[in-house]
Structure formats: C-alpha cells, structure tokens
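Protein sequence lines, in the order shown, are assigned to chains L and W. Just so it is clear: in the first sequence, position 86 is 86 by the working numbering, and no numbers are missing. Throughout, the working numbering is defined as the position within the second sequence, counted from one, plus 354.
Some hints could be false.
Stated by the list, open to error - Derived DSBU-like pairs (lysine-lysine); straight-line CA-CA distance at most 30 Å:
id	chain 1	residue 1	chain 2	residue 2
1	W	Lys396	L	Lys349
2	W	Lys393	W	Lys419
3	W	Lys391	L	Lys299
4	L	Lys349	L	Lys114
5	L	Lys89	W	Lys749
6	W	Lys393	L	Lys243
7	L	Lys243	L	Lys114
8	L	Lys314	W	Lys419
Stated by the list, open to error - To list a few chain L residues with every Cβ distance to chain W over 10 Å, as calculated:
id	residue
9	Phe6
10	Ala15
11	Asn312
Read the hints as simulated data drawn from the structure, not as lab findings. Ideal Cβ positions, reconstructed from N, Cα and C, are used throughout, including at glycine.
One letter stands for each residue in the lines below.
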Amino acid sequence: MASNQFILASPPTDAISALKFSPDPNSTRIAVSSWDKNVYIYELRDENGNVGEGKLIQKFEHRAPVLDVCFGATEDEIYTAGLDWDVRKIDVATSSQTVLSSHEAGVRSVVYSKEHQLVVSASWDSTLHVHRIDAPGSIPSIIPLPSKPFSMSLTATKLVIAMASRALHIYDLKALSLLTAQLDGTTPNKVEVEPWQRRESSLKFMTRCVACMPDDAGYASSSIEGRVAVEWFDPSAESQARKYAFKCHRQTADDVDVVYPVNTLSFHPVHGTFASGGGDGVVALWDGIAKRRIRQYQKYPSSVAAVDFSSNGKYLAIAVSPGFEDGKEDMVEGAVSIYVRELGETEAKGKGAK
Amino acid sequence: MGKKRRGPTLEELLARPWCYYCERDFDDLKILISHQKAKHFKCERCGRRLNTAGGLSVHMSQVHKEQLSAVDNALPNRSSLEVEIFGMEGVPDDIIQTHNQRVVTQFHQAEAERQAQTGNPPAGSGVGGQPAKRPKLENVSDLKKRLAEHKAKKAEARTDGSSGEATPVGAGQTSTFGQSPTTATSNLQHTYPQPYGGAGSPYQQTASPVYQNFSPGGQSQFPPSAQFTPSGYSPQSFQGTPGQPMPAYGTPPPFPQQQQQQPTPQTQTPPQNPAFPQRSGSLPAAPGLPQRPAVGAPQVNAYQLQQMHMGHPAPATGTPTGVTNGDKPPGAENAPISSSVDDLISGAAKAADQAAAHVAPPKAAESTEEKPSKKDKSKQSRLVYSDNETSPEEKMARLSRYAFVPNPLGETVLEAQPPAAVTGAERGPDTVFDATD
Numbered sequence: 001m002a003s004n005q006f007i008l009a010s011p012p013t014d015a016i017s018a019l020k021f022s023p024d025p026n027s028t029r030i031a032v033s034s035w036d037k038n039v040y041i042y043e044l045r046d047e048n049g050n051v052g053e054g055k056l057i058q059k060f061e062h063r064a065p066v067l068d069v070c071f072g073a074t075e076d077e078i079y080t081a082g083l084d085w086d087v088r089k090i091d092v093a094t095s096s097q098t099v100l101s102s103h104e105a106g107v108r109s110v111v112y113s114k115e116h117q118l119v120v121s122a123s124w125d126s127t128l129h130v131h132r133i134d135a136p137g138s139i140p141s142i143i144p145l146p147s148k149p150f151s152m153s154l155t156a157t158k159l160v161i162a163m164a165s166r167a168l169h170i171y172d173l174k175a176l177s178l179l180t181a182q183l184d185g186t187t188p189n190k191v192e193v194e195p196w197q198r199r200e201s202s203l204k205f206m207t208r209c210v211a212c213m214p215d216d217a218g219y220a221s222s223s224i225e226g227r228v229a230v231e232w233f234d235p236s237a238e239s240q241a242r243k244y245a246f247k248c249h250r251q252t253a254d255d256v257d258v259v260y261p262v263n264t265l266s267f268h269p270v271h272g273t274f275a276s277g278g279g280d281g282v283v284a285l286w287d288g289i290a291k292r293r294i295r296q297y298q299k300y301p302s303s304v305a306a307v308d309f310s311s312n313g314k315y316l317a318i319a320v321s322p323g324f325e326d327g328k329e330d331m332v333e334g335a336v337s338i339y340v341r342e343l344g345e346t347e348a349k350g351k352g353a354k
Numbered sequence: 355m356g357k358k359r360r361g362p363t364l365e366e367l368l369a370r371p372w373c374y375y376c377e378r379d380f381d382d383l384k385i386l387i388s389h390q391k392a393k394h395f396k397c398e399r400c401g402r403r404l405n406t407a408g409g410l411s412v413h414m415s416q417v418h419k420e421q422l423s424a425v426d427n428a429l430p431n432r433s434s435l436e437v438e439i440f441g442m443e444g445v446p447d448d449i450i451q452t453h454n455q456r457v458v459t460q461f462h463q464a465e466a467e468r469q470a471q472t473g474n475p476p477a478g479s480g481v482g483g484q485p486a487k488r489p490k491l492e493n494v495s496d497l498k499k500r501l502a503e504h505k506a507k508k509a510e511a512r513t514d515g516s517s518g519e520a521t522p523v524g525a526g527q528t529s530t531f532g533q534s535p536t537t538a539t540s541n542l543q544h545t546y547p548q549p550y551g552g553a554g555s556p557y558q559q560t561a562s563p564v565y566q567n568f569s570p571g572g573q574s575q576f577p578p579s580a581q582f583t584p585s586g587y588s589p590q591s592f593q594g595t596p597g598q599p600m601p602a603y604g605t606p607p608p609f610p611q612q613q614q615q616q617p618t619p620q621t622q623t624p625p626q627n628p629a630f631p632q633r634s635g636s637l638p639a640a641p642g643l644p645q646r647p648a649v650g651a652p653q654v655n656a657y658q659l660q661q662m663h664m665g666h667p668a669p670a671t672g673t674p675t676g677v678t679n680g681d682k683p684p685g686a687e688n689a690p691i692s693s694s695v696d697d698l699i700s701g702a703a704k705a706a707d708q709a710a711a712h713v714a715p716p717k718a719a720e721s722t723e724e725k726p727s728k729k730d731k732s733k734q735s736r737l738v739y740s741d742n743e744t745s746p747e748e749k750m751a752r753l754s755r756y757a758f759v760p761n762p763l764g765e766t767v768l769e770a771q772p773p774a775a776v777t778g779a780e781r782g783p784d785t786v787f788d789a790t791d
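Could you build the full structure based on these sequences and the hints that come with them?
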C-alpha cells in the first residue's frame, strides 16, 4: 500500500453504516456509526498535532445498530440515528445522551443544518422529523414522505431526500425552519409540507446515496446499478439540460458485466469534485463539471460503505466493510476497516475540461 | 474512372493499430504511440510523458513519491499496471482477438446496413466473379438478426446518450461495453407508458401517477432516460397490471388515438420485409426474428388490445371474451379522460385485473418471451444487488442478530406510541423483528 494511506486502529467490530469528518476547519475528527451498536469517535492527530495512526477517543453504545451519525454545532456534539427508532444527541465531552424523538421504524439518516439550527432525521416509517436545536425540548415536526427514505443530504439552503420508488424530494430549509418555528408548542406536529421540488430519480434503479455539491448548485445520486447521476437544483431548462449520468463500479468477469451498487458519494469541500465508493471495493474520484474521472484507487478488500473528505479537503476517509449481496441470506464475510488517505495538493482537483 | 471506394476494407480495418487502454484506433503506429504517451502515460504532476505505464509508475514513485494505482483515461477493465504496453506491443492475445472480432462484427454490421440502405451488392462481390445475388443466398434470418441487432444498438446508443455516454472515462467508446439489463428493451421506448396499463398510452402526461404534478425540472428535459422498463418500477405502481406490459412488446408502437381500432390485424401480420427503411429504429419491425417467437403476440385478442388501448369499445369484430365485460364499471371505461389520478390508477388496475383474468395463457408466453430478448444483447450484466424495493440496510435490519424490540417505556418523547411498538414489546427476544413494518 502506498505510504500516504493508513488504517485506523481499533475499528468497529461489525459493518460500518456511516462515516463523517468533523465540519470544523482543519479538524481531523471522525465519527463512525456501526452495526455493532456503537458510535466511534476517532482523532487522526496525536498529542503533538501530527497526523499518524489515528486513535479511538470515544465510543458510545446504543440499544440497536446505528445507521447514521452527523456532527452538530461543534465537533463535541453528534447526532445519531439507528434501528432503535430513536434520534439521539450525544455530547462527546460529557458522554450524555439525549433522545430527541422516536420514529415508528428504524431511522435511516440524520443531518444537521448549521445555518438553520435544525436536525432532520429520516426514517423507514416514511417520515421526516425536524428538530429545532435552538429551542431545546421542543417537539419535532413530523413531515410525511411518499416512500421510505434511503439517503439524505443538505446544503446551506436545501435538503435532498432520496426515497424508494425512485422518488426524490428537495426541501427548502428556510421554509422548513419557518414552518417548524410556527408550529412549535402543540403535541406531535404532523405537517404536510410541499417540497420545493419533487423529482423522479434520473437513474432507473434504487437510489443508494445522494450528496449535495458544496457550492449549493446541485447534487449527485447513485444507484444499486453501478451508475451515478449529477443534477442541478436550478429548475431552468438550461440547468436541467446539464444533468447527466454515467456508469461506474462495474467489472467484467467471464463476459458478464458485474454491476455493483454505488454505496456512497462525497463531495470535496474545496475542489467540488466527488468521490464514489462501490460494492466492488473501489473508490474513484470524479470531476463532475468536466465529466472526467480524476483517479481510481486500488481496490479495497471489501465493499466500500462510506467515504468522506475532511473539511479542509486534505484527507479522505474510506470505510470498508462487507456488503449485502444478492442471493445471500447474510452479509458476505469481510474485514471491517477504516482507511484514511492523505491527499496530495492536486490529487482531488479536477484537471479542467480538455 | 474507377469504382468509387466505399470505405476501408475489412483487412484495412483489422490492420489499424489501436490503443489497448481505450480501444481507440489510429491511422498509424506513431500516432498511437503519441496518443498513449499523451493520454495514458503522462505524469499529471509534471506533465512528463513516459513510454510505458511501468515507466510512469517508476517516475511517480521516484520523482513524486507517489504510487500509481491505475492507468489514466483507461477503460475500467484495462487500467491495470500489470500489462506492459507500448504501441501495439504487449497486448494480450485474447484481447487482440476480442478486438478483431469486434472490428469484424462492426464491419459486417455496417456493410449489412449499407446494403439495406443502398441495395448495392457488398464490396468486391461484383469483381470477384461471384454472382451479385450472393447475399440473397445468405441465410435471411441471419441477415435480419444482424440488422435488428444493429438497430437495437443504434436505439440504445440514442438512449445512452443521456445516461451512458457521458461516462467521464469514455467507457462507452465501444457500444458493446457494459450494457445494463434494461437497455435490451430500450428500443421499445414507444411502449413505455404501457406498464401503467390501459390508462397510459396516448395520455403520456399522466404516465407517472405519483408525480403527475411534477415540477418543471425533471423528466421532460431528459426524455430518453425517462423511459424505462417494468423492472425499474416499484411493484406498487404496476402490480395491478400484470397482463399489460408484456403484450406491449409485441405490438407496434402505440398508434395515434384515431387509429386505435384499426391496427389489430396489422399486429398479427406485420410486413415481412425487415429492411424496410421507414421502420428503422423500432424493434417490432423485424417480427420474423427467430429468437423472438412470441413477438407477434398472436394471443392478443381484440379484447386485450382494447384494454391496452384503454377500454375503448371493441371493434365490430370483437371476440366473445369482450362481451363478458359489458357490465364493466364505467370508471374503467372513462379512466383515460378522468381528471383524477386516483380514478386513473384504480381504473387501470381494474381493467388490468380483468384483462389478467382473461389472459392467463398469454402470460405464460410472455415469460418465455423475455429470455430471448435478453439474449439479443452482446453482453449480459449481473447486478450484485438487484432488489429495487428494499435497501441492503433494511435487509440487514431483518437479520436476527440486529433485531431490536423497542421498549415503549423508554425515554421516548412521543406520547402516543404506535400499536406496533406495543405488540413489539411482547415478542420474544429471539423473534426476528421486521423493522420496516
């Protein structure tokens, strides 16, 4: 392996569901949620501030497997969502856990909006819970969705939710924020909110992941059928004409094209390029504007469950864990590990259109 | 004046040097080598052009202290550093053979197409002493098959323009590369609305019931990708119409509304000339195809057809089966013009249920029909995970070791607990709990 990549010590003991870098500038803290019911906090820097092996600094046990994690206002505040139907807030410094709300099924994802002080959770009970963080103790607003949500991502102004049946909703966060503030006070606030945009996925198969562009211009989505689509928010015809999709994460074996799911997408916060991780264990970097692949890394030992860039764009963390495949009752065997790549100055930079 | 050249001969095509990494071919070896140096063996740090991938790897590790993991701009399965390539040297034999085969196939396809368009004999046949009629002695079905394949490919290329061709790597350079399972039917794009049952076809704007009032942004900008096959749909959206989508394969593209009654006989006796140019692009144009036996859809009786064309009164020649539907609820009759989406859906579902009840035998024929149509593709693909409704996470959540039984007395905020939670608490610890209930 190349010297600019290392493996984090003490990885989770079961498959990884999500991995996030702290949004704080220059922070090297990573939160990882796992099917072993724990959320792990790693720090890449040692006491002297050098980035080395990386170490586990804390671990929070949950009642059930944890499906998603995100950082809150500071990197000492995390939110988790899991199969115990709960959305939790965890204070890393004091290790105190608070349940913000409970869904009626497993909670697939949770995101935090710094700009609007909102925590939004999406559950397989086909609802969103919108929690106002600036009003502690307030009751979350419940927004029904047409289908089960599979992935969620936000920008400063928009919230994108990909659901079953290829449905995709884009909510305006400001509207959500105003609405929830208005409704606050009564018992479970069930509110029908018309999304800012309803879209149908441009991919023909189940959406696996959505990730928003850091410049708030659009988003990328991936499907179980080895394809990634890049689209723009702007509903004008010119912007919509720019959208496209491409095939990736495929391998030819015995003349059969083996198509892997694209499990994860993450945008580079500085260059606006993005990384994709697939069931084939491959991580590739793409330039979404120039429509080019920047590079593809050597295959990892098993499926790539999550990728994320650090906030300064200097590190790429890659969560490798066994994936669920067709025709198997259980997950395939495979090691669970977290790789961190130190990126060169231009490693994730687009080459520009040629 | 000599004969006009009609393009390169097969031998010339085969002799062209081509790039192992991207399958592009070149006029001569020098250009190929400079292409490889510029596209595949160029150091992106300092722009230096090396002669081979190995050379670039050594350069990267020595000069930039980095490790090269894959050859740039290469097709996904060709990006390995293992193979030492310089120009045409070092290309593995099997890959050369595959390439040559592809060149030959493409050549023949192009030739067959040219013959079909111009009616001219193949190049050289007039000179070589062979009678000009030789192509006619050739197996007609072979020719038809090739033509159909080519057309399918062309239609596919059109479809891929939206999704496949934009692959940043240029992986789509050869059209035989990596076709998705759905593209086999992509040339049937005219039949797209059919999965929604009778309600769909002429009223395309309501084809997607869920998103009927869908915003400006989406599919209209993207017509090719908006068409998809039944496999892409959720069962909810078409499970009520099992008898409908498949017969659609055999029928010609939906006719303009006014002609709806008329096409019935045409469906069963399509024109036998597959090279008929006006019909290019639509697969049903070659119904004589040996591997699509069910294509003619002979089982489609007038009633079904009527159902497919949304329950308009059967023609005077209506079959007895249609008569039993005299008491059909008016909702089904009026479905297409109903303004309510719900009516539309339920009407379509009803119609489809009725159709399904009448059409059990054709359904069996449909399932066999599907296979040959898949074989038409030059390459198969297999999804590692193909469940389009349930995410891997949900499946994992159903495994017993991840089972979680929520405790209604826990630190929950919601006052009203769902009944499911109450019953859930009574379950034994070994019960596999279905989290998606």
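The hints, checked one at a time:
1. W:Lys396 / L:Lys349: Since the Cα atoms of Lys396 (chain W) and Lys349 (chain L) sit roughly 16 Å apart, the hinted pair holds (cutoff 30 Å).
2. W:Lys393 / W:Lys419: holds, 21 Å
3. W:Lys391 / L:Lys299: holds, 25 Å
4. L:Lys349 / L:Lys114: holds, 26 Å
5. L:Lys89 / W:Lys749: holds, 26 Å
6. W:Lys393 / L:Lys243: holds, 26 Å
7. L:Lys243 / L:Lys114: It holds: about 28 Å lies between the C-alpha atoms, which stays within 30 Å.
8. L:Lys314 / W:Lys419: holds, 17 Å
9. Phe6: Per Cβ check, Phe6 (chain L) is outside 10 Å of chain W; nearest 14 Å; holds.
10. Ala15: violated, 7 Å
11. Asn312: About 20 Å separates Asn312 (chain L) from the closest Cβ of chain W, which puts it past 10 Å; holds.
Hint 10 from the earlier list is the only one contradicted by this structure; the remaining hints agree with it.
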